[in-house]
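J.: Given next are the chains, with one letter for each unit.
4 protein chains.
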Amino acid sequence: MAITGVLRIGEAALRVLDLEESIVHYRDRIGLQEMARDDEGRVYFKCWDEWDHHSLVIREADETGLDYMAYKVSSDAALTNFEKRIRDYGVEVENIDAGVYLKSGRRIQFTIPSGHVMQLYAEKVKVGNNMPAHNPEVIPDEGIIRGMGPTRLDHILIYGPNVPECGKFFTECMDFELAEEIVKDGTDDQLSVFLACSNKPHDIAWVEHPEPGKLHHISFFLNNEIDVYHAGDIIGKNRISNDIGPTRHGITRGATIYFFDPSGNRNEVFSGGYIRYPDNPPLRWDESQLGPAIFYHDGKLNESFLTVVT
Amino acid sequence: MAITGVLRIGEAALRVLDLEESIVHYRDRIGLQEMARDDEGRVYFKCWDEWDHHSLVIREADETGLDYMAYKVSSDAALTNFEKRIRDYGVEVENIDAGVYLKSGRRIQFTIPSGHVMQLYAEKVKVGNNMPAHNPEVIPDEGIIRGMGPTRLDHILIYGPNVPECGKFFTECMDFELAEEIVKDGTDDQLSVFLACSNKPHDIAWVEHPEPGKLHHISFFLNNEIDVYHAGDIIGKNRISNDIGPTRHGITRGATIYFFDPSGNRNEVFSGGYIRYPDNPPLRWDESQLGPAIFYHDGKLNESFLTVVT
Amino acid sequence: MAITGVLRIGEAALRVLDLEESIVHYRDRIGLQEMARDDEGRVYFKCWDEWDHHSLVIREADETGLDYMAYKVSSDAALTNFEKRIRDYGVEVENIDAGVYLKSGRRIQFTIPSGHVMQLYAEKVKVGNNMPAHNPEVIPDEGIIRGMGPTRLDHILIYGPNVPECGKFFTECMDFELAEEIVKDGTDDQLSVFLACSNKPHDIAWVEHPEPGKLHHISFFLNNEIDVYHAGDIIGKNRISNDIGPTRHGITRGATIYFFDPSGNRNEVFSGGYIRYPDNPPLRWDESQLGPAIFYHDGKLNESFLTVVT
Amino acid sequence: MAITGVLRIGEAALRVLDLEESIVHYRDRIGLQEMARDDEGRVYFKCWDEWDHHSLVIREADETGLDYMAYKVSSDAALTNFEKRIRDYGVEVENIDAGVYLKSGRRIQFTIPSGHVMQLYAEKVKVGNNMPAHNPEVIPDEGIIRGMGPTRLDHILIYGPNVPECGKFFTECMDFELAEEIVKDGTDDQLSVFLACSNKPHDIAWVEHPEPGKLHHISFFLNNEIDVYHAGDIIGKNRISNDIGPTRHGITRGATIYFFDPSGNRNEVFSGGYIRYPDNPPLRWDESQLGPAIFYHDGKLNESFLTVVT
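Residue numbers (numbering that gives the first Met the number 0), protein chains in the order written: chain A, 0 to 309; chain B, 0 to 309; chain C, 0 to 309; chain D, 0 to 309.
So that you can see chain A by itself, here it is in the shape it has in the complex (with noise of 0.2 Å):
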């Protein structure tokens, strides 16, 4: 594939009511690495296996969310490209020069449909993933892998106003492309849209939802399935506030647990799901068939995990 364009989430950024407590989190029990803290108080952190300097930036506010979410583009062209398209559909951009954000090149900031603050940037500070480039190993030291051992940032889920507005947006202007969709039963009408631009089953994801700019969740990747139960025996040994599983998705059938940071914030953790091509037709689910969508193996809905956001 001629791989340009958006790469992945690259950065997301969290706002937690109590620093330390959240550092002990994502670092002990998730398992990130702490990389940096700067004079306003953020914490930066990666997972073992990304080669960019940080992905989740936490810092302490007077209520939980999501600051903003930052996605790698390919290249500075690319996102010159991204920046006219995303102004030509009709949507205000604004320019922030390099360094502005730790350790990263100039970037692209504006709102999507859903309410949600979006950057884009092509160029971070390589830090390695533990392992050299020449003559690499397959695992890095020990003690590296700690916690729920996450390899990446994976995706995130956010709520929102516009769905269907938001879908069109990330395709038309950034080439993402619908994997699967939540339609009201027998009706094109989207109430939940999963985009991918990989071969990830989705990079993103919106359920509808009245208020603006919410988030569902942040999602690390596992390497292998078993590694959620080793989460969740995490999660019950720390008395972190688990949503539910380990469970199944319908929904890119991966294997998942949720839980929620001290603050509130819900995190997940999954493995496996498809590889998905552009040429899979995208999947369809009825309203009416929730429950399987989103929690396979029993098909109930989860009071909380439909309700509560960020």
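These aren't lab readings, by the way, just hints derived from the structure by calculation. Predicted model, so just to flag it, every value in this text is computed and none were measured. Accuracy of the hints is not assured; some may be wrong.
Copies of the same chain look alike in the list, so a pair counts if it works inside one copy or between any two.
[To be verified] Distance condition first, Cα-Cα at most 27 Å in a straight line; then the derived DSS-like pairs of lysine-lysine:
hint, residue 1, residue 2
1, Lys236, Lys102
2, Lys183, Lys236
3, Lys167, Lys125
4, Lys102, Lys167
5, Lys183, Lys199
6, Lys299, Lys236
7, Lys183, Lys167
8, Lys199, Lys125
9, Lys213, Lys167
10, Lys83, Lys299
11, Lys83, Lys183
12, Lys236, Lys167
Chain A is fixed; fit chains B, C and D onto it per the hints.
T.: The following block gives chains B, C and D in isolation, referenced to the frame of chain A:
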């Protein structure tokens, strides 16, 4: 170890409301081998890796539940010895001739303090585990392992009164050992006991309950923890009523999923758990820790799990 | 990412010495679905999770090896574009009309510098992945997943001359990217290149070899690393000639097992490996590190693995 | 089962050539807990899930091999009984006072027909399995499970003469049972016997060998078969000498990997295998089936595996 005495649960006999639906469930979903049907309408099943003729018997009846559970002992001499010890303990014992039960040698039958009918027997016709004993293989032919693919019937959890007395009876008369227990906080009052007669963390367990003779679940063993996930997929695919899971038990440390047969009898498939030795200290859980004791991943009790019995 | 261009290997066409034995191997041992047989004696197979009509074609011949490999591209326009770029690069391109190949749209065919016949096509009849696209399931019906149960044809590794030129041709004309390479120590001389056109660590790979057009192996993907173990059990059970494994590759980090079809063509089933992004640095292995690069668990080279090709 | 008599291998005492290298190997690579060092230079280790003070003892010496193996019995009365039975069998027994061995009660010591020194003991100081016995957890604190993360010392395989006599001695005097055997084709002549005193497929095994008292390997148990893969990654990463694996045994059905400690003593980590009951028929393998019996996945014998002992 001197391996003598009670070996394992060798047979569970369940009542079901609809025989044909139940056959589909146990044969095609759980994946047992249908071994025989008798003139009274009983259907006999075994797991693929069991050597004896059958381990599960179902029959159609107006109400669900357990007819009896039968444990296999190491020899006819052991059977005679247990008969004497049980009678000496003051429990009435009934003798059942060889051949009364299909493919089975003589049995003794008695009612335990929780109101359940229990049998012991030393002989059952061996049909083999689908692989030869001379130059065996490690897997049987394609198609033998089906559905959830359990290797054997593993244990039973029953509800009834007099749980501490059940524990005493089984340890004193049948050499079971206390593996784990749940007690009222700060007391020795047992609400639940998990007994083992093997290196497994349990071979039988009770929960205190006013009504005698009730079944909580029969449980089948899976070779790997990840197989619990596959069982969940089969449960979802076939819209089997899922009670809870996949999750992990604090008690026994097993990876587990619970679901109901079409009549409402609860089944479990599980894997893992520790290797138990008689010099392990019994593990004690306080009633206030019932959440993590039962479902470690979320530490939350599930009302149906605690109250629905057949 | 702009997902355009070459999507994946869509078809490998192998010559086998005994068709019936080969059908048993690919259908019953590996577990592919037999989709069709044609008048010239070709047999067509697909993996259970593939949407297109077939991905493996075998025919009986006097000698083993690869007839051609066909990669699917994202659209007819992309096909036209590749045709032009390849011609402009100086490579002769043959046009093949729609319908010449079973269930297939038009193709272009050319010989790559390593002497292998390659095809590109944009259309093949879709038959589905054994689950509906509207309210799908996560697993197909019992019995569909058989044998080793691969989800898809994943990649091919071929032997021939001019490996660096092959890498150049694929990156310049077909937008593949260099994922990993093996070089002579202290030089840039490539002995082997692993190229990707997706988020997988490789979609095609070469090893330098004097004889052109040779096949090292075709590879199928398994969902979980533990499935490689199950594949090993099937190999052992059926006395399939095992080349090496289970083991892990240093290159790609995949869990793998290699074996031969009844005619001696090498097959691989594998799982795992990292998620590759185009901004990952290419990984370089020195020839002196070939041991861990290929078989990480013992770091020892296997003579047959390096020399037996068909 | 009446769980009395020999419980398990409780201690293996190895000679190593370089103590410091060996400590790194057993502590950091295999992941044992270093428990003590004594005045004679012995270093004591345990696995994280074992309750007793230690299970492995190493000391520096001029040549590698096994000093002794010590099996734990269920009670002091059982110890006295075994002492009498062994003496009555005609084997000389030495008494060792409590306290002579670190943290240990009294022992009896004798030489078995294969020339190995064996001890039995009933008491060793309990230190716990890193989790409380009152309201335990399912996993210990982060960092306790390290390296390959075995839960316990599982069994030993030894080489020496008089294998059939060893089997007779262990079954007649110590109530072991024959789980599997390798015989010369068409005869009852045992070349190798696998004996169990538990529900595991073996607790000790022999291979006929002219030189007495040799060690083939000590083996540690892993919770899941996939953990064998992780062990392989650690072996590769640390360039530990890998003998063979990952693979599966035909005998016991275990998933396994073999490697050498820095001095050349062979270690195994394994998982899986069937749950053995005393009413299972012993499994017999012909010498001509030694390939699949030992390494099921390729059915090929490895010269070093059969000949290198310490």
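J.: Work down the list of hints and note, for each, if the structure agrees.
T.: Taking the hints in turn, this is what the structure says about them:
no.: 1; hint: Lys236 - Lys102; verdict: neither (35 Å within a copy, 31 Å between copies)
no.: 2; hint: Lys183 - Lys236; verdict: between (40 Å within a copy, 22 Å between copies)
no.: 3; hint: Lys167 - Lys125; verdict: between (32 Å within a copy, 26 Å between copies)
no.: 4; hint: Lys102 - Lys167; verdict: neither (32 Å within a copy, 33 Å between copies)
no.: 5; hint: Lys183 - Lys199; verdict: within (25 Å within a copy, 35 Å between copies)
no.: 6; hint: Lys299 - Lys236; verdict: both (26 Å within a copy, 13 Å between copies)
no.: 7; hint: Lys183 - Lys167; verdict: within (18 Å within a copy, 49 Å between copies)
no.: 8; hint: Lys199 - Lys125; verdict: both (23 Å within a copy, 20 Å between copies)
no.: 9; hint: Lys213 - Lys167; verdict: within (19 Å within a copy, 46 Å between copies)
no.: 10; hint: Lys83 - Lys299; verdict: neither (44 Å within a copy, 51 Å between copies)
no.: 11; hint: Lys83 - Lys183; verdict: neither (34 Å within a copy, 45 Å between copies)
no.: 12; hint: Lys236 - Lys167; verdict: neither (43 Å within a copy, 32 Å between copies)
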